[in-house]
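Take the sequences, apply the hints, and build the full model.
Residues per chain, in single letters:
4 protein chains.
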Amino acid sequence: MPGNTFGHSFRITTWGESHGNAVGVVVDGVPAGLELSEVDVQKELDRRRPGQSEVSTPRSESDTVEILSGVFGGVTTGTPVSMFVRNRNANPGAYDYIKDIPRPGHADLFYMEKYGFRDHRGGGRSSGRETIGRVAGGAIAKKLLMFFGIEVFAHVIELGGIKAGPVTFEAIRDNVERTAVRSADLEAAEKMLEQVRLARDEGDSIGGIVEIIATGMPIGLGEPVFGKLDADIAGGLMSIGAVKGVEVGVGFECARMKGSQMNDAFLVDDGQIVPESNNAGGIIGGLSTGLPLICRAAVKPTPSISKKQKSVNVASMEETGIEIHGRHDPTIPPRMVPVAEAMVALVLTDHMIRGGRMNPEYLLK
Amino acid sequence: MPGNTFGHSFRITTWGESHGNAVGVVVDGVPAGLELSEVDVQKELDRRRPGQSEVSTPRSESDTVEILSGVFGGVTTGTPVSMFVRNRNANPGAYDYIKDIPRPGHADLFYMEKYGFRDHRGGGRSSGRETIGRVAGGAIAKKLLMFFGIEVFAHVIELGGIKAGPVTFEAIRDNVERTAVRSADLEAAEKMLEQVRLARDEGDSIGGIVEIIATGMPIGLGEPVFGKLDADIAGGLMSIGAVKGVEVGVGFECARMKGSQMNDAFLVDDGQIVPESNNAGGIIGGLSTGLPLICRAAVKPTPSISKKQKSVNVASMEETGIEIHGRHDPTIPPRMVPVAEAMVALVLTDHMIRGGRMNPEYLLK
Amino acid sequence: MPGNTFGHSFRITTWGESHGNAVGVVVDGVPAGLELSEVDVQKELDRRRPGQSEVSTPRSESDTVEILSGVFGGVTTGTPVSMFVRNRNANPGAYDYIKDIPRPGHADLFYMEKYGFRDHRGGGRSSGRETIGRVAGGAIAKKLLMFFGIEVFAHVIELGGIKAGPVTFEAIRDNVERTAVRSADLEAAEKMLEQVRLARDEGDSIGGIVEIIATGMPIGLGEPVFGKLDADIAGGLMSIGAVKGVEVGVGFECARMKGSQMNDAFLVDDGQIVPESNNAGGIIGGLSTGLPLICRAAVKPTPSISKKQKSVNVASMEETGIEIHGRHDPTIPPRMVPVAEAMVALVLTDHMIRGGRMNPEYLLK
Amino acid sequence: MPGNTFGHSFRITTWGESHGNAVGVVVDGVPAGLELSEVDVQKELDRRRPGQSEVSTPRSESDTVEILSGVFGGVTTGTPVSMFVRNRNANPGAYDYIKDIPRPGHADLFYMEKYGFRDHRGGGRSSGRETIGRVAGGAIAKKLLMFFGIEVFAHVIELGGIKAGPVTFEAIRDNVERTAVRSADLEAAEKMLEQVRLARDEGDSIGGIVEIIATGMPIGLGEPVFGKLDADIAGGLMSIGAVKGVEVGVGFECARMKGSQMNDAFLVDDGQIVPESNNAGGIIGGLSTGLPLICRAAVKPTPSISKKQKSVNVASMEETGIEIHGRHDPTIPPRMVPVAEAMVALVLTDHMIRGGRMNPEYLLK
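Chains as they are written, first to last, in my numbering: chain A, 1 to 365; chain B, 1 to 365; chain C, 1 to 365; chain D, 1 to 365.
Treat the hints as calculated values from the structure; they're not laboratory data.
Just so you know, not all the hints are guaranteed correct.
Since copy identity is lost for identical chains, a pair holds within one copy or between any two.
Once the Cα atoms are required to be at most 27 Å apart in a straight line, the calculated DSS-like pairs of lysine-lysine come out as [what the hints assert, rightly or not]:
id : residue 1 : residue 2
1  : Lys-99    : Lys-365
2  : Lys-143   : Lys-365
3  : Lys-365   : Lys-308
4  : Lys-99    : Lys-307
Note that the structure is a prediction, hence the values are computed from the model and not measured.
Below, the structure written as structure tokens:
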């Protein structure tokens, strides 16, 4: 089974290569009755697009989206929403010099082995440009969720070894777009930015961690035992290029905790039974607990670096050095923020419909 | 969409509750021509079953499997393999005292909210007994993979704060079944066991980390961009109860690395291009690299503890203490080893078929 | 992708061979809160089971069902319902004489080619016994639909060239179980029975047509453009062994009609807009119209006949005669009635949930 | 689950409305290595497009396709192929007069009930223009199948009560594009054409039957028991708007046959065991037999007619007459020929991959 569709009751099918004609997405399962225009989608794409700050690639793309179907009179009709973005600043020739030299840390060699040959133009399908479809689909998901009071947002909590201090949800909402690194701890953000500059100057790159939060969560979202909410989120986040780890709540730290520390005890609050802490990160047994969903993705340093690396020429089978001077980001997490939000929003919307909490036909029912 | 089916071209559908009549699995997509008997499945179930050592629950279940279909003359026929295990030592009455008191760290309350009410007998579907179906299905997957030289095995690398030292693959194969904690570093295993005893004596529990490895990997397994190999593995591992984090290769450590450190350079070895290191854990761009697959799951401490915890009686809505004296494991990772192996084996088998590398009809073709 | 799962939001996975240990089904997506016991399922299985009348095979099977999971205290819990039936009167040795001789009209030869070899015992998976899982799953679907006032029932409208006259829905409900041939036109039923006897005495078999009706239909059920209600019904009915044609409403007769005859005009009835006729059979554009759903399946004569036929011995590759003296039905449509009802009920239940009209978690919501 | 994706291992996701910006398709699962250009797709779209002859709507659309992704250097890369066609001659205003008056035989009223409101411009998603995506996807499927010697073609065998006589496969290939009605019996074609003219002159429309054939079939294609080849074909054909019946081989005629007539006996031919007749239409037990696949779809008369019909104004709830003077076909079967071919080709390609007979990664493997 091919792998370009994500989701079940709400699903996206993405397509497009870095230096082909266009990239896009078909979103199926959007309930009728949602006000939707290009503006809603464009604002998310603008957060993802290249060239937005000094921490991102200088490739210049306006990434202007066109909605091709599924909307009539400014409102969704229940039919699939097709959206696409033309690749304008493609420069495929720039990759000719590495046509035969797979880039370390990239999928070049493995695409070649899998498909017999490959589109060598800037990563082709394995390029970060593939995430445009995710973000466009996620924009619709986010708008649908807001109808139900669910808000998804993300921030960078670690970059190049600099960890952000604890921040409130309000601080994240307020601050995250105020810094190029998208960290809500503005002091740490300064230090992170410094790390980015250092790495860039060395022709190197740095990794980090993105945290994604969803507030306004209903209780009981998730489908045991394989469609658990955390399982779908883990799959969704891990499917983003460069992500090497995913955790929920205290995450890997749970390995060093005792049951009496880890368990979130129950108490009565305002007539409701609620967990008194949130070590679980809002998911227990694969079901949402009603507390905020908190999860994190570990992002490796950008594999494209101008520092010299070792590779092999597949034509001559000779070892060779490689320096990658294409347009690339010195670090990925800041631009991954909207992508990670999109993946979590897509999963939540899917589960809202699967759980009978969002009407799949007409939103206002 | 309900959630009890896992996989696409090779898929399991599991069913059954902790204290119901039975638990089981239907495995669909098993190619014809595989020699298969209950012995193959039983040996994996025996690694999972309760009562096998001092680190596991004293619930006594032989977990004897019966194959009900799909095998004729000792060989699979290409039709679905249905297997089941009767629950013998069920003791549903033992849970009556907590019928109205959701256990902290368990899904009790959230099942209740989702389904209107719940099967309160020992966790019902959210019990660890649910994994019997996974392990039985995984046993078939492991046997299929061995046909192609792919071996999946796992071990405990951290328990109660004790970390195992580096071990070779050979040491894992040799040692893992020699200790109750299933850690291949026998010295660390002793200390881990001590931690388990301490926690049990305190009426508490401890968490840990399981590492899963697959050797003999082909190149290019995985389906971009949402069916990436790591995405499916992350979803599969996170769907196991008690798992709070998943990582591949260096995992979360990548956040502190530079691109020049993280990237696995290429060299020529025996006429083949291979990565010279394996920071990627055998997966880049969602495709297998041919190097061993290495991934880890963080497992929280058993939520059932006899130490007093705070909860609420849902009938009276009064806060109350709760002490859980049922039969439970003081730590989960040792028994999760065969479950985690099963999930990885299921994903790999699915992708072998999806990628056209295992004939879906007749194994010997 | 293997093919033993049917449905999306409500799905069955069936398993089992004619002369293996057992046959069964896992039903996933049953909302919690439905009263369910073996009695509900058994009554449908009794309508399908062999030996019930002179028009069915003398194989004697009580087909006693056991529910293994998903029900607690007589009520569904939202977890998968697993059910199975032991094969008691299996007599695999009876098929040894045709081990190497594929039976004309059966799938024997093609299973052999597909899977490398086959379970030759009475058809194995391609036997009519495979439909036990469908009927058991359909029993749950029918009970769920009755909650919403949707009733599914079927009858034989043609058998061995004898056509039933027009009958009311009431006559179908009243009469269908009063005759061995399950035709509601009791006069025609007599003649059909005569045809069955004649065919049986000649060592031959006859075909016929089953009509399935659903009343109490909501409006707008179905998912354009590939999950249309009629598309799913057509696929479901055609998946039953021996069905060679499917039609909805006037069906094939539409080929000879004009638009002005075929179109169902609209009028106002009791404040609602309704079609004034039902040529469409209750489905237009793949969506239910609110009028009764009417569809039909053409069923070929039983391929197993004792009359001599020509075949080939696959071992010697010599042409040979074959007479099939196993236990078989002289005609299939009467026993297919509950199977066809099950398939339509499964599709409708699936679409009720997909369309947000039946809560997937808790039925009483 | 929404319904705009068809297929499993080879799948299309279609989108677009009759009078929106564009219509299109994403084809996922195309193996790398297939030579593909717009020419391959355009030639199929040209067979489907409006205005091609006197039997089709005068709406003038060139339906020029653009391939947006998945092809590099004239060859498929294994990534999704996205294709689209701009709607040029859309004239949404032409439908304003029937904005509130649902057209009999159309889905207007039922879309309105399902989605709360609807895109009233010429059927929106339920328009025949939706099939552009199917035909574009089918063009790729047909080209892939030709690699394996499988050819899919269709013809009109009945129109307005005129039946074509028996024709050879060669006659179909030679003649079908020589007549506007796409019937291979040229004499009957003349009479059919006469019926079309008569109906058009009366402001009426006529129905018919399309037969689809696939030659060069392998043995054993199909996935028991719900993914049988005939089940998938039935679902695929029934999902085309206006189809009310589907049959395989002798189809409904089997109801009047005896087993001894229906069964295709086996004989030895050229060292192979083959059925000596093809009453089964190339499928038994849901598996292909190796003989030509033969199936038929019954197509209702075009619901849009200029003859006066009865309907109701949904705003005033008053009964009213309606005459439809939009651009429409007086009969559908001739233009459905390429659509029906596409659906069968899509199913066969899907099953070729599912059955391990077409490499899903690299066609030339």
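> Taking each numbered hint in turn, which are not upheld by the structure, reported in ascending numerical order?
Replying inline: Per hint list: single violation, 3.
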